[in-house]
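Peer 1: In case you want the letters, here they are:
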Amino acid sequence: MEPILNVENLTMIFGGLKALNNVNITIEQGQIAALIGPNGAGKTTFFNCITGIYEPTTGDVTITPPGKSSQSLKGLKPNQVTQKGLARTFQNIRLFQGMTVLENVMIGRHCRMKAGIFGALFHTHAQKNEEKKAIYDSYEILEKIGLEQYVNEMAKNLPYGAQRRLEIARALATDPFLLLLDEPAAGMNPQETKELDDLIIWLRDNENLSILLIEHDMKLVMSLSDKIHVVDYGKKIAQGNPEEVKSNPEVIKAYLGDESEDA
Amino acid sequence: MVTKKEIKQAFFIALWFMVLTFPIMVIKVNTIKNIVIFRWNYLFWIGIGTFFAALTWNYFLQLKENKQKTETSDDIPLVHKLLQNARFKIPFLIVLAIFFLVYPFIFPMYHTSIMISALVYVMLGLGLNIVVGLAGLLDLGYVAFYCVGAYAYALLNLHFGVSFWLALPISAVLGFLFGTLLGYPVLRLRGDYLAIVTLGFGEIIRIIMENWDSFSNGPRGIANIPPPSLFNIDLNQHNTVIYIYFIVIALVLMTIFFVARLEDSRIGRAWIALRDDEIACQAMGISKVKTKLTAFALGATWASIGGVVFAAKTSYINPMSFTIWESITILSVVVIGGMGSAIGVIAGAFVLILLPEYLRAVAEYRMLVFGALQVIVMVFKPEGLIKGVRKIYKFKKVEE
Ligand SMILES: Nc1ncnc2c1ncn2[C@@H]1O[C@H](COP(=O)(O)OP(=O)(O)OP(=O)(O)O)[C@@H](O)[C@H]1O
Ligand SMILES: [Mg+2]
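The listed protein sequences derive, respectively, from chains A and B. For the record, in the first sequence the residue sitting at position 13 is 13 according to the working numbering, with numbers rising by one throughout. Just so we're on the same page, the working numbering is the position in the second sequence counted from 1, plus 1000.
Hints were generated in silico from the structure; no laboratory data involved. Just so you know, not all the hints are guaranteed correct.
To be verified - Some residues of chain B that are not near chain A, with every Cβ distance over 12 Å (derived): (1) M1018; (2) F1176; (3) E1203; (4) T1294; (5) V1351.
To be verified - Straight-line alpha carbon distances no greater than 25 Å define the calculated DSS-like cross-link-like pairs of lysine-lysine that follow: (6) K1391/B with K156/A; (7) K1394/B with K114/A; (8) K1064/B with K1081/B; (9) K132/A with K1391/B; (10) K253/A with K235/A; (11) K114/A with K133/A; (12) K84/A with K18/A; (13) K114/A with K84/A; (14) K1290/B with K84/A; (15) K227/A with K84/A; (16) K18/A with K77/A; (17) K1005/B with K1067/B; (18) K133/A with K1008/B; (19) K133/A with K1089/B; (20) K1391/B with K1290/B; (21) K144/A with K194/A; (22) K18/A with K235/A; (23) K144/A with K1391/B; (24) K1394/B with K132/A; (25) K235/A with K219/A; (26) K77/A with K1290/B; (27) K84/A with K74/A; (28) K114/A with K1391/B; (29) K1290/B with K114/A; (30) K1290/B with K128/A; (31) K1008/B with K114/A; (32) K1288/B with K77/A; (33) K1064/B with K156/A; (34) K1008/B with K1064/B; (35) K128/A with K1391/B; (36) K1391/B with K1089/B; (37) K1089/B with K144/A; (38) K1288/B with K84/A; (39) K74/A with K18/A; (40) K1081/B with K1391/B.
Don't be surprised by glycine CBs; every beta carbon is placed ideally from N, CA and C.
Just chain A, same shape as in the assembly (with noise of 0.2 Å):
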């Protein structure tokens, strides 16, 4: 079967900064992949890179939607790369502040929904079905990730635990096939890091979902990946199982440090 996501030769350049060098990476349907590295290894770029918010120097990125055929994501913007299903969240927060929970989530299904200024206008039939669809199927996705009870809240006044789910909450409203999560449980205390974790395997069982994540959290990476991608100074250096990436020499070496050099 073709990969989901498929990333070839990806190089990202600012200035005389290679911040991506070659990276190539592909991801299964229905898996949970990570990737990791050191901080500025380049990770955030990766998904900057294909969701469209930069202009990869070189590369393609294919993707194949489940039961769809292959195409390219070259020189789409952002939202014409999340139409075509791939939706992420932010590494820092970034919520829609002046907005209640409900309609953040709301924002996720805008580009499922097509009422103009007509219908907006007017009221016309069609447009109130959409709205009362997109109210019902953003309150089933709060439900869903266990946030009803914020629902009529204003989004900066969530906790902080809280606004990271959110966050994959307006993602999933977008209605993607592969969701792209940039350090989910950054700042997350052991509980509701253990509940990100029932919830990305949920996700992925329930809603038949890929997922792609950047995460810190060695545990929650070890226990959650199908697979796991190490960058370090934007190159590509392992992948593999949990096992395999955990014993990998050249990992360790990233991780640790080179100690040979150190003497």
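Use these hints to put chain B with the ligands onto chain A, whose structure you have.
Peer 2: Relative to chain A, chain B with the ligands alone:
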């Protein structure tokens, strides 16, 4: 309590003000007698006045800070709380309706005329609120669309005898088109850069009108613009004003109705998302291009309709009615009223337009009053007089 430090601070502020205002308040040159008069008593009063003003300012600032510390969740403005309560809402709306209904019959024409201006500013404010308050795009050239609407009616009437009622939809469409036209070149711009370019756009439209003599009659403007017609009935001047008053009331109601619908629609939510976080907004599948263009276009539509009313009301327009000051006045209405808050903008328009008219003494210092008000509002109520609240959804009804 007033501490020693605060008194010291107020003292120095007073001293500074005395130095600062010395040349204008104290020195007076009498050019006829060729002498200089020093009004030392002014200096004294300025010192005393500033000293106590500084103390009061400080006191209120502290009051506000203490309030912020004790309040955890942000409070809903009183007006919204009252309006959410049906027992209060219905009588309130009835009283309001009666007031506006009888207003032109109990007050003289002059007051009706002022009320019309205020109501036109309500429309303009609500339109600009789409662009600035909801979509977060700082537009300093909004008056351009007001100008487009006014000239559209004046010129179409002059050359083709187009009536007021036909000019309304035509200029609405024109406003929409011009809004899109401005939107395209500024798609990539934000914040200060956007403000500068829109400011330029506003001036360009005015300068074109001033210099393209054969088209717009230049600085002489266009006179004898007819008021709206009412089934060919001849209305005297007073009745015409009353008639325009009710037309404006209808237009304002329409604006409030449609803008509220837009705000709680897919498009309105996209505007707010764009305002709150441009990157996240795009990453959630919203097209930045479409969202910005609809904001500019729909905002401009209302300015343009307002322009038609303005031309019909004054019966004479020239480019001097559409200067940058007009843009700034409308922007002040939005900012002081409350960005993104329809009720706030309405309140802002009444406060800013009616107050200077009735406080004749300060009418000449209008801009000074605006400036002072803006500073006070920004310091003590940064969200504006009445801040916006988002819609509350109830879930029993939706889940069948
Ligand atoms: N827009 C940009 N312009 C210039 N340099 C950038 C830009 N974005 C990222 N970089 C650089 O690229 C490198 C990789 O950054 P990136 O944010 O992808 O790291 P990361 O792996 O996500 O790190 P962390 O674990 O700290 O989040 C860093 O050296 C960073 O400074
Ligand atoms: Mg990162």
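Peer 1: Now look at each hint and say whether the structure bears it out.
Peer 2: The hints, checked one at a time:
Every Cβ of chain A is farther than 12 Å from the Cβ of M1018/B; the closest lies at roughly 43 Å, confirming the non-interface assignment. In this structure F1176/B is not separated from chain A by more than 12 Å, as the shortest Cβ-Cβ distance comes to only about 9 Å. Its beta-carbon lying about 29 Å from the closest one in chain A, E1203/B satisfies the requirement of being farther than 12 Å from that chain. Consistency note on T1294/B: stated as away from chain A, yet its beta-carbon is not over 12 Å from all of that chain's, at 7 Å minimum.
The beta carbon of V1351/B sits about 24 Å from the closest Cβ of chain A, which is more than 12 Å, so the claim that it is off the interface holds. Proximity of K1391/B to K156/A is assessed by CA-CA distance (about 16 Å); at most 25 Å being required, the pair is judged to hold. The suggested pairing of K1394/B with K114/A holds, with an alpha-carbon distance near 23 Å, which does not exceed 25 Å. With a CA separation close to 21 Å, the supplied pair K1064/B and K1081/B stays within the 25 Å bound.
Using a Cα cut-off of 25 Å, the hinted pair K132/A and K1391/B holds, with the two alpha carbons roughly 14 Å apart. With a CA separation close to 14 Å, the supplied pair K253/A and K235/A stays within the 25 Å bound. For the hint linking K114/A to K133/A, the alpha-carbon distance of about 12 Å falls within 25 Å, and the restraint holds. For the proposed pair K84/A and K18/A, the alpha carbon gap of about 28 Å is over 25 Å, so the pair is violated.
Taking the CA atoms of K114/A and K84/A, the gap is near 16 Å; set against the 25 Å cutoff, the hint holds. Of the pairs offered as hints, the one joining K1290/B and K84/A holds, with about 18 Å between alpha carbons and a cut-off of 25 Å not exceeded. For the proposed pair K227/A and K84/A, the alpha carbon gap of about 24 Å is at most 25 Å, so the pair holds. Taking the CA atoms of K18/A and K77/A, the gap is near 22 Å; set against the 25 Å cutoff, the hint holds.
At roughly 22 Å between alpha-carbon atoms, K1005/B and K1067/B fall within 25 Å of each other, so this suggested pair holds. With a C-alpha separation of about 63 Å, the suggested pair K133/A and K1008/B falls outside the 25 Å cut-off, and the hint is violated. Note on K133/A and K1089/B: the hinted pairing is violated, with a Cα-Cα distance of about 29 Å set against a maximum of 25 Å. For a cut-off of 25 Å, the pair hint linking K1391/B to K1290/B stands: about 24 Å separates their Cα positions.
Between K144/A and K194/A the alpha-carbon distance is near 16 Å, which keeps this suggested pair within the 25 Å criterion. For a cut-off of 25 Å, the pair hint linking K18/A to K235/A stands: about 9 Å separates their Cα positions. A threshold of 25 Å between alpha carbons decides the hint, and for K144/A with K1391/B the separation of about 22 Å falls inside it, so the pair holds. Only pairs whose Cα atoms come within 25 Å are accepted, and K1394/B paired with K132/A is accepted, the gap being roughly 12 Å.
Distance hint between K235/A and K219/A is fulfilled; the C-alpha atoms sit about 23 Å from each other, no more than 25 Å. Between K77/A and K1290/B the CA atoms are separated by roughly 13 Å; this keeps the pair inside 25 Å, and the hint holds. With a C-alpha separation of about 12 Å, the suggested pair K84/A and K74/A falls inside the 25 Å cut-off, and the hint holds. Only pairs whose Cα atoms come within 25 Å are accepted, and K114/A paired with K1391/B is accepted, the gap being roughly 21 Å.
Taking the CA atoms of K1290/B and K114/A, the gap is about 13 Å. The hint holds against a cut of 25 Å. A threshold of 25 Å between alpha carbons decides the hint, and for K1290/B with K128/A the separation of about 21 Å falls inside it, so the pair holds. Taking the CA atoms of K1008/B and K114/A, the gap is near 63 Å; set against the 25 Å cutoff, the hint is violated. Of the supplied pair hints, the one linking K1288/B and K77/A holds, its CA atoms being roughly 10 Å apart against a limit of 25 Å.
At roughly 21 Å between alpha-carbon atoms, K1064/B and K156/A fall within 25 Å of each other, so this suggested pair holds. Restraint check for K1008/B and K1064/B: the C-alpha separation of about 21 Å stays at or below 25 Å, so the hint holds. At roughly 16 Å between alpha-carbon atoms, K128/A and K1391/B fall within 25 Å of each other, so this suggested pair holds. Note on K1391/B and K1089/B: the hinted pairing holds, with a Cα-Cα distance of about 16 Å set against a maximum of 25 Å.
In summary, the hint linking K1089/B to K144/A is not supported, as the alpha carbons are separated by about 37 Å, beyond the 25 Å threshold. At most 25 Å may separate the alpha-carbon atoms for a hinted pair to count; K1288/B and K84/A meet this at roughly 17 Å. At most 25 Å may separate the alpha-carbon atoms for a hinted pair to count; K74/A and K18/A meet this at roughly 20 Å. Restraint check: the Cα-Cα separation between K1081/B and K1391/B comes to about 13 Å, which is no more than 25 Å; the hinted pair holds.
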